[in-house]
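Peer 1: So the protein sequences, as listed, match chains A and B. Counting in our numbering, the first sequence runs from 1 upward without gaps. Counting in our numbering, the second sequence runs from 1001 upward without gaps.
Calculated directly from the structure, the hints in this document are not laboratory data. Only a predicted model underlies this, so the values are computations on that prediction, with no experimental measurement involved. In this text, a Cβ means the ideal position worked out from N, Cα and C, and glycines have one as well. Mixed in with the good hints there might be a few duds.
What the hints assert, rightly or not - Derived DMTMM-like pairs (lysine to aspartate or glutamate); straight-line CA-CA distance at most 20 Å:
| no. | chain 1 | residue 1 | chain 2 | residue 2 |
| --- | --- | --- | --- | --- |
| 1 | B | 1358 | B | 1295 |
| 2 | B | 1060 | B | 1129 |
| 3 | B | 1328 | B | 1310 |
| 4 | B | 1358 | B | 1242 |
| 5 | A | 88 | A | 199 |
| 6 | A | 219 | B | 1256 |
| 7 | B | 1060 | B | 1013 |
| 8 | B | 1328 | B | 1279 |
| 9 | B | 1131 | A | 172 |
| 10 | B | 1140 | A | 199 |
| 11 | A | 226 | B | 1095 |
| 12 | B | 1210 | B | 1004 |
| 13 | B | 1212 | B | 1352 |
| 14 | B | 1062 | B | 1129 |
| 15 | B | 1140 | B | 1117 |
| 16 | B | 1113 | B | 1055 |
| 17 | B | 1182 | B | 1129 |
| 18 | B | 1022 | B | 1361 |
| 19 | A | 219 | B | 1004 |
| 20 | B | 1251 | B | 1218 |
| 21 | B | 1108 | B | 1067 |
| 22 | B | 1140 | A | 63 |
| 23 | A | 298 | B | 1095 |
| 24 | A | 52 | A | 63 |
| 25 | A | 219 | B | 1095 |
| 26 | B | 1075 | A | 204 |
| 27 | A | 219 | A | 204 |
| 28 | A | 52 | A | 41 |
| 29 | B | 1328 | B | 1176 |
| 30 | A | 219 | B | 1117 |
Unchecked claim - Covered, in the sense of this in silico footprint (three residues per stretch, anywhere, with C-beta under 8 Å from a C-beta of chain B), are these stretches of chain A:
| no. | stretch |
| --- | --- |
| 31 | 28-39 |
| 32 | 220-231 |
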Amino acid sequence: MRDLFYDLVRRNGMAVSIYLMLAVSLWVFILIILPQLTMLDYSFRFNLPPAKIGGPEDVYTLEQYRYFFQGSGASDGINTLDIGILFKTLLAAVFVTVFDLIICYPVAFVLAKSSTGAKARLLVLALIVPYWINEILRAFAFRILFGATGVINETGMGLGLWDTPIDFIRQDVALYAGLAYAYILLMIFPLYNAIESLDRNQIEAARDMGANWWQVHAKVVIPYAKPGIASGMTMVFMLTSGALAAPQILGGPSNLWFTQLVYQWFNSGGNWPRGSAYAMVLLIVCIALVLLVMRLFKVSIGEIKQ
Amino acid sequence: MTKEISLEHVWVEFGEFTAVHKANLNIAGGEFFSFLGPSGCGKTTLLRCISGFQEPTRGKVKIGGQDMRGVGPNKRPTALIFQNLALFPLRTVADNIAFPLEVRGVDKKTRRKRADELLELIALPGQGDKKVSELSGGQKQRVAIARALAVEPDILLLDEPLSALDLKLRQHMRTELRAIQKQVGLTFIYITHDQGEALTMSDRIAVMNKGKIEQIGDGKAIYDHPTTSFVASFVGENNVLDGTVLSNDGKTMKIDAGLGTPFTVENHPAGGPALAPGDACHLFVRPEALRLSKDDSAINQFETNFVTEEFEGNMRHIVMNASGTDLKLSLINDGTNAIDANTPVKLDFAPEMGIALKPGELASA
């Protein structure tokens, strides 16, 4: 830490160094560590009325976590509802992540290897422009698009493909489409960066030595782009499983996303400790899953950073 | 198996730009054939036509008599060695060499056996489990060759594979490449801008400039009897004088180059197109063909003044000035060639050492 500071001073001078250190410390501590610690602390407490906070009943407890696993029923029961929602959320997030990967890989490859200069910049711009629009507005746009009288149903029925409007919302098609779209850029850009740095000669060499297109990708491009793939998948998965706006707006009435559960405990439930405990459960399970998958595919965190 | 390659009127055009201009040649099976030319002359494009990464806009590429149009690079009996080698950094040496077998579905054990055989051939036995990054430049070079040979192609294409190596290693690899070619007996097609490489290794050389093949011949023919001004000035050092043909009796020409008595230059059957009296010409005389006159009766004699000398140990590279034109002169440092810097020196050259060609584009130094 001291060496780091001296190094900073040597490069940037005293005033800039102090500012940098302060700004980064404040950022990390106040905006990241402190709220998380508070949440962690909350998650181990009872939900008490304000008058009793700090009183004799305000002690640490595992009650909130017990509730997640066992529910309000008997002590040997299992909270199948909430655990089920967590699993469904994770499964859906994995599905969305894989779906994004399948869509983005070809796009990133074409962008990185087949287009040059101005054309590539234009393509990148075309990808970014839609994201100037607010996430919630985009979700509503999808709702309209997929609605009973939306463009998709109108077109489908107009062409005679189906007779009665399909309820895309209830069947979660709108939700998956919305989520897949929401974080797609976070998949494309790490992939693009990884593939872009691959020497074109490697691809041609593989071709020349008899590899067909599938083998070129499976044996040369994908192994090389693995860190980028891991980075993109991690980001999309984390953000999708933690998404709130899209599930709120596009989710079917019977389908709860785990974040909505957290939101309910905080908001309408008025039970912040339980909300905190649920948020912690989501965070830990997600991190564990990501680490597990990275281990399975032999990717290290150091590689992802690059 | 070696196969003959023929290029029949091959053109490659990128929009307005013509990269290859009507290339027409045959390369025999087992030949070491080089394309020599400055960068941008179209030699790499031609190589890509043979390997299948580029389709000619017009004309045909035939390998073993078979038209290659529409046959992809992965289906051709050619193996390409890239300028930067394009070894796969994430694979071990053995996995690199066995890659062509792997994509053909050969089982792991056979692959490893073949890789070990090839490592033996390139004198790197037992190094199969190393990472590519652990090898030296010359070793990587040899691994790239082994990888190209893994599926026994008919033709090996090499795109300036030695340009990234340092001088010593480059000279060593020349000998080694030639030895490997003799050993495996394949057709090698070699692309280079380095005339030393082309001259030392090749059976035949095609000199290219601006998409056109200027001359095809063995190293000696290209060096001793260039047929165009470009070849004369690109291959090796050359002095060029502007002159006018005074007479041509079929055997010798008289050429006035503005340096006193007209020069006598022999015609050579393998030389360029015949020149007629009155034609303008470029007269080329190699630095090693110029010599210090021993007596005043020598033929093709002219007077020069000393400008500067570059001493190279065994050779002395001297610049002399003759009526405003600088001429390079290479002399063996055997103690007999003293030059007095302050008095005019007479030089001469043998009639068979002068090369008179139609004026044409000269290679930029």
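Peer 1: Now tell me if each hint is right for this structure.
Peer 2: Hint check results:
Of the supplied pair hints, the one linking residue 1358/B and residue 1295/B is violated, its CA atoms being roughly 32 Å apart against a limit of 20 Å. For the hint pairing residue 1060/B with residue 1129/B, the CA-to-CA distance comes to about 42 Å; that exceeds 20 Å, so the pair is violated. At roughly 10 Å between alpha-carbon atoms, residue 1328/B and residue 1310/B fall within 20 Å of each other, so this suggested pair holds. Pair hint residue 1358/B plus residue 1242/B holds up; C-alpha atoms about 10 Å apart against a cutoff of 20 Å.
Taking the CA atoms of residue 88/A and residue 199/A, the gap is near 41 Å; set against the 20 Å cutoff, the hint is violated. Note on residue 219/A and residue 1256/B: the hinted pairing is violated, with a Cα-Cα distance of about 66 Å set against a maximum of 20 Å. Simply put, residue 1060/B and residue 1013/B have alpha-carbon atoms about 14 Å apart, close enough for the 20 Å limit, and the pair holds. With a C-alpha separation of about 25 Å, the suggested pair residue 1328/B and residue 1279/B falls outside the 20 Å cut-off, and the hint is violated.
Proposed proximity of residue 1131/B and residue 172/A is contradicted: the alpha carbons are some 48 Å apart, above 20 Å. For the hint pairing residue 1140/B with residue 199/A, the CA-to-CA distance comes to about 16 Å; that is within 20 Å, so the pair holds. Restraint check for residue 226/A and residue 1095/B: satisfied, since their Cα atoms lie roughly 19 Å apart, inside the 20 Å limit. About 26 Å separates the Cα atoms of residue 1210/B and residue 1004/B, which puts this hinted pair outside 20 Å; it is violated.
At roughly 28 Å between alpha-carbon atoms, residue 1212/B and residue 1352/B are farther apart than 20 Å, so this suggested pair is violated. The suggested pairing of residue 1062/B with residue 1129/B is violated, with an alpha-carbon distance near 39 Å, which exceeds 20 Å. Of the supplied pair hints, the one linking residue 1140/B and residue 1117/B holds, its CA atoms being roughly 17 Å apart against a limit of 20 Å. A distance of roughly 36 Å separates the Cα atoms of residue 1113/B and residue 1055/B; the hinted pair therefore is violated under the 20 Å criterion.
With a C-alpha separation of about 28 Å, the suggested pairing of residue 1182/B with residue 1129/B is violated against the 20 Å cut-off. As the CA atoms of residue 1022/B and residue 1361/B are separated by approximately 19 Å, the hinted pair is consistent with the 20 Å bound. Distance restraint check for residue 219/A and residue 1004/B: the Cα-Cα separation of roughly 32 Å exceeds the 20 Å cut-off, and the hinted pair is therefore not satisfied. Simply put, residue 1251/B and residue 1218/B have alpha-carbon atoms about 24 Å apart, too far for the 20 Å limit, and the pair is violated.
Note on residue 1108/B and residue 1067/B: the hinted pairing is violated, with a Cα-Cα distance of about 34 Å set against a maximum of 20 Å. Proximity of residue 1140/B to residue 63/A is assessed by CA-CA distance (about 63 Å); at most 20 Å being required, the pair is judged violated. Distance restraint check for residue 298/A and residue 1095/B: the Cα-Cα separation of roughly 19 Å lies within the 20 Å cut-off, and the hinted pair is therefore satisfied. Taking the CA atoms of residue 52/A and residue 63/A, the gap is near 17 Å; set against the 20 Å cutoff, the hint holds.
Between residue 219/A and residue 1095/B the alpha-carbon distance is near 11 Å, which keeps this suggested pair within the 20 Å criterion. Simply put, residue 1075/B and residue 204/A have alpha-carbon atoms about 13 Å apart, close enough for the 20 Å limit, and the pair holds. Proximity of residue 219/A to residue 204/A is assessed by CA-CA distance (about 13 Å); at most 20 Å being required, the pair is judged to hold. Using a Cα cut-off of 20 Å, the hinted pair residue 52/A and residue 41/A holds, with the two alpha carbons roughly 17 Å apart.
For the proposed pair residue 1328/B and residue 1176/B, the alpha carbon gap of about 33 Å is over 20 Å, so the pair is violated. At roughly 23 Å between alpha-carbon atoms, residue 219/A and residue 1117/B are farther apart than 20 Å, so this suggested pair is violated. Counting residues of the stretch 28-39 of chain A whose CB falls under 8 Å from any CB of chain B gives 0; the rule of at least 3 is not met. Only residues whose beta carbon comes within less than 8 Å of a beta carbon in chain B count, and the stretch 220-231 of chain A has 3; three or more means the coverage holds.
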